[in-house]
Amino acid sequence: MTHEKTTSPGTRLGRLIGAALRAAACGGGSGSAPATIGGTWLFHVVESSCPDVIPGMLDENGGTAAQVFVVGQAGSQVSAQFVDGGGGLCSISGTYTGGQLRGRLTVEAPGRTIVASVEGFGRIRSGRRQVDGWLRVEQDSAGRCDGGVIEFCADLDAEPDAPAGNVGPTVALLEPAADACVVAGVPFPVTYRDDDPDDVARTTILADRDGDPATTADQVVIAADLPDGNGATRTVTWDTAGVTAAPYTILAVTTDGSLSASDSAGGRVTVACQVPADLAFVATVDAPDGLNMSSVATFEDGSFVVTGGFEGSATFGSGEAGATTLVSEGFEDIFLARYHADGRLAWARRAGGPDQGFDGEGDYSDDVATFPDGSCVITGRFQGTANFGRGEAKETFRRSVLSSRWVC
Amino acid sequence: MGVLTDDCFSLTTFAYVTCFSSVRYFGTLTFAPGLPEETTLPFADHFDVWFARYAADGTLQWVRRAGARDRDRPLDSASYPDGSFVLTGMFEGSTRFGEGEPNETSFDAVDGRELWIARFHADGALDWAYAGVGPGRTEGRSVALLIDGSVILAVRADGDVTFDEGGPNETTIPDTGNGQVKFVRFAADGTLLYAKSDGGPGNEGMGTVASFADGSFLGVGSTSGTGVLGVGTPNETSFVSDAEGDLLYAHYGADGNLRWACREGGPGDDSARRVATFPDGSFVVLGRSDGGTKTFAKGTADETQTDARHLIVGYARVPIVR
Numbered sequence: 056m057t058h059e060k061t062t063s064p065g066t067r068l069g070r071l072i073g074a075a076l077r078a079a080a081c082g083g084g085s086g087s088a089p090a091t092i093g094g095t096w097l098f099h100v101v102e103s104s105c106p107d108v109i110p111g112m113l114d115e116n117g118g119t120a121a122q123v124f125v126v127g128q129a130g131s132q133v134s135a136q137f138v139d140g141g142g143g144l145c146s147i148s149g150t151y152t153g154g155q156l157r158g159r160l161t162v163e164a165p166g167r168t169i170v171a172s173v174e175g176f177g178r179i180r181s182g183r184r185q186v187d188g189w190l191r192v193e194q195d196s197a198g199r200c201d202g203g204v205i206e207f208c209a210d211l212d213a214e215p216d217a218p219a220g221n222v223g224p225t226v227a228l229l230e231p232a233a234d235a236c237v238v239a240g241v242p243f244p245v246t247y248r249d250d251d252p253d254d255v256a257r258t259t260i261l262a263d264r265d266g267d268p269a270t271t272a273d274q275v276v277i278a279a280d281l282p283d284g285n286g287a288t289r290t291v292t293w294d295t296a297g298v299t300a301a302p303y304t305i306l307a308v309t310t311d312g313s314l315s316a317s318d319s320a321g322g323r324v325t326v327a328c329q330v331p332a333d334l335a336f337v338a339t340v341d342a343p344d345g346l347n348m349s350s351v352a353t354f355e356d357g358s359f360v361v362t363g364g365f366e367g368s369a370t371f372g373s374g375e376a377g378a379t380t381l382v383s384e385g386f387e388d389i390f391l392a393r394y395h396a397d398g399r400l401a402w403a404r405r406a407g408g409p410d411q412g413f414d415g416e417g418d419y420s421d422d423v424a425t426f427p428d429g430s431c432v433i434t435g436r437f438q439g440t441a442n443f444g445r446g447e448a449k450e451t452f453r454r455s456v457l458s459s460r461w462v463c
Numbered sequence: 472m473g474v475l476t477d478d479c480f481s482l483t484t485f486a487y488v489t490c491f492s493s494v495r496y497f498g499t500l501t502f503a504p505g506l507p508e509e510t511t512l513p514f515a516d517h518f519d520v521w522f523a524r525y526a527a528d529g530t531l532q533w534v535r536r537a538g539a540r541d542r543d544r545p546l547d548s549a550s551y552p553d554g555s556f557v558l559t560g561m562f563e564g565s566t567r568f569g570e571g572e573p574n575e576t577s578f579d580a581v582d583g584r585e586l587w588i589a590r591f592h593a594d595g596a597l598d599w600a601y602a603g604v605g606p607g608r609t610e611g612r613s614v615a616l617l618i619d620g621s622v623i624l625a626v627r628a629d630g631d632v633t634f635d636e637g638g639p640n641e642t643t644i645p646d647t648g649n650g651q652v653k654f655v656r657f658a659a660d661g662t663l664l665y666a667k668s669d670g671g672p673g674n675e676g677m678g679t680v681a682s683f684a685d686g687s688f689l690g691v692g693s694t695s696g697t698g699v700l701g702v703g704t705p706n707e708t709s710f711v712s713d714a715e716g717d718l719l720y721a722h723y724g725a726d727g728n729l730r731w732a733c734r735e736g737g738p739g740d741d742s743a744r745r746v747a748t749f750p751d752g753s754f755v756v757l758g759r760s761d762g763g764t765k766t767f768a769k770g771t772a773d774e775t776q777t778d779a780r781h782l783i784v785g786y787a788r789v790p791i792v793r
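Taken in sequence, the protein lines are chains P and L. According to the numbering used here, numbering within the first sequence proceeds without interruption in unit steps and concludes at 463. According to the numbering used here, numbering within the second sequence proceeds without interruption in unit steps and concludes at 793.
It is worth saying that the hints were derived from the structure and are not from the lab. As the structure is a computational prediction, the values presented were derived from the model and not from experiment. Glycine included, every Cβ here is placed at the ideal spot set by N, Cα and C. Keep in mind that the hints are not guaranteed to be accurate.
As the list claims (entries may be wrong) - Simulated coverage check for chain P against chain L, where a stretch passes if three residues somewhere in it have a Cβ under 8 angstroms from a Cβ of chain L:
hint, segment
1, 229-239
2, 334-345
3, 350-358
Stated by the list, open to error - The following label-pair restraints were derived from C-beta to C-beta distances:
hint, chain 1, residue 1, chain 2, residue 2, range
4, P, Ala296, L, Thr643, 36 to 42 angstroms
5, P, Ala269, L, Pro639, 45 to 51 angstroms
6, P, Ser373, L, Pro513, 46 to 52 angstroms
Stated by the list, open to error - Facing chain L, according to a computed beta carbon distance under 7 angstroms, are these residues of chain P, among others:
hint, residue
7, Ala301
8, Pro302
9, Pro331
10, His395
11, Gly398
Next comes chain L alone, as it looks inside the complex:
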């Protein structure tokens, strides 16, 4: 049986010029057909996850799969200099990582869609894995590696999210309002360092994260209504979206405390979809809008307005608020 459908969701590269791809697939999947490295993955009656490493010339080095019954989906990845990497995504029903390996790990969903995050060695063998479970929809949206090798996971969830449920490291991200920014930090060895939620009466969401060289990280997403981030901290920042939704930027220190937050946009439904950072602290954001005039850097000498729907916005640096 050939491939019925497949989607490639995430891609990362390694220092020694190989690339890695994580994909969900359905059916049977054959890699490098007719070549010495030809590899066929087992039949998947629902969507499973595959991830593969390719050499710089495109030669397949290995391919592995994860998942169990029901649907699994990868959503983001990040790689370490040693070739190991972190994947995150979602699953329904149950899922399994490192099948047949000594530390094979399985998770069962509590309610509907749950998130997973896993680190793999350079050869694709499982290092560690967590599931985050809770009521409603829960997804691991984005991962970023901090300077010390720890991992920031941006979470999308409709309610509380519990990691290592019933285990010795059980930790819950509380959900205290409408949509909130939720994120978790894991040490490089998989130790869960903290799990946080942040947000006010409005609806805030953080879809992707990227790290800076100083160990901090920037999350981007959207906000609507009256938003507050860093609630109760010295850098508590509040904002009111122009109307339906605005681009949201939230800069956190490695300790998870807010350093700075900002909204940009206009009267339409605007959101920040992706972010990438540069070593000098600048960053670029991909944004989307359904219309209306968006204003960036409002009130500054650089104030810029545009009616475009597809936005690529560059910033020189994140402000130091206090």
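Just chain P, with the same shape it has in the complex:
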């Protein structure tokens, strides 16, 4: 997970750094007597720069740090846990002891000393009393999480917008932008962007059958309690294994505890859409001037015949050694093609004549049926005159025959 922050003056981080600098002053014992803020604070480790502790980035000084994200309410206890380089479980806990807001965190690591410092944290608002920011726990030169005491404080009076109203979080679902389909069990990515300029909002991504987040019985939680990404585009993966087959609306709901926002994806996702049949072959007919395949009939050996009508030229078995191109004698002619069981063309033939009907139609075949002896019969329509079996012993010329049996 990436937790991007900037260092531009005036930004959130700038304010936090300012708070950190002031923390040094209040931590040095100067200033008025702090008011005690009791209770419990909850710390959530969201990322770390200490590769041996929790995967994360290297800090600017080349050292490593475990970064602790702080979200809490008045009355909460500050605590966090992480695994240090020696494999031990380190814990951080603390209580607020005074100042405008002053925290003292004690890092407990049996057998080790952990050096920790506060880089900054955010504002506290009256009523809700939230704090967000992060702690940096530095490793010693030996790469261990030798710690000690974490102290932090913030000057409530210095918070430029502490008295102002809460700025609500925002969230936008970017993908799927169009309807999509996924076979159950196949991971499906959902891309979103969220932000909360003055808090750390928590975002939950849902798949919802009726599109109403208020009705929970038809929901599947894709990901829950995700800290906002400060406007970064992020992707979560929906594990669709075991998900009931249905179309779902993808929803994102984000909240900072008092204000919330939501969005729905542009496309619905249908789960368990299908299991494809066991494909054996795809054969095609190239007929640039037009072709209509009207019927197919099978033989016991797995071969089959296809019939219909075509105009101009039609190539059956394209790309095969036995590809056959038929050319119509007139406007539209009849075709009959036999294929092997594996979809390769066996042969293709034409019938018909040069005439065109008053309704603009030519010659075509509507249906084909097969006999056990391997022959077949087709039926259809022709205009004026038609020739069947040209060049064969049973060549037939007709003016009004409606059907003709072909020996396949």
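Given the coordinates of chain P, assemble chain L onto it according to the supplied hints.
Chain L alone, transformed into the frame defined by chain P:
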């Protein structure tokens, strides 16, 4: 008067090597002129239906007609081993089957175009017939015989379709959305076993059906938008077409419950037009596209893409989903 126009729509063969053809015609129609078996059908001032049986050598054995005033049209047929057969199609106004026979049956349309289905004995005499009526366009698109001799009828309809309206076996296929898959199963004796519709918010259509040796059947057609089949059943399957329309395959058990469904295709307007099955459970589909790259068996080792407009797609088997 000669034949003004005629179309042969359906063809089936029998075990003892005869063939059968069903056709609509307009005017007067003479079969086997100048031959001993010469037969002339009465004048039809609108389109009527004729059906004929030919011996293996092409000799006409008999020819019969069906229909009344207004237009009639056959669309599909299927044959039994005993030489009897089932026809389906559409009519407008009214239609009549088995004219002059003891069980002559007539139907009147309710609104526009209606469907009919009829079984005939090997000599062409009527066995039983039904009409399916409803608002808008209603057609019997395709028939397939199941292993027990029952008949699956694929229906195209713009709304509800009612069979045996006002009769003791009145049954309605409800229409609950956009285009839906609709089908009816009749026992071999004509008893209506069930009539079903299936589909979700999208537009699904099943144009042709074919049966498998295990008594199940496969319908093919097209789907657009977000489709759902087997709604409310264990095998409910949903899919989203790539754009305009895709090939749709729907496999149902003899009980009419969905076993499996699948769409294939691409961004163009694609559809499955015909299907034929093999005894080993494989099947072949005729498809059509107005362009774009179609993908078949997407996500599998057999995934295949093509830009062709005229498709012949073979499948080894229908998957068993659950």
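Hints versus structure:
no., hint, verdict
1, 229-239, "holds (count 4)"
2, 334-345, "holds (count 9)"
3, 350-358, "holds (count 6)"
4, Ala296/P to Thr643/L: 36 to 42 angstroms, "holds, 40 angstroms"
5, Ala269/P to Pro639/L: 45 to 51 angstroms, "holds, 49 angstroms"
6, Ser373/P to Pro513/L: 46 to 52 angstroms, "holds, 48 angstroms"
7, Ala301, "holds, 6 angstroms"
8, Pro302, "holds, 5 angstroms"
9, Pro331, "holds, 4 angstroms"
10, His395, "violated, 10 angstroms"
11, Gly398, "holds, 5 angstroms"
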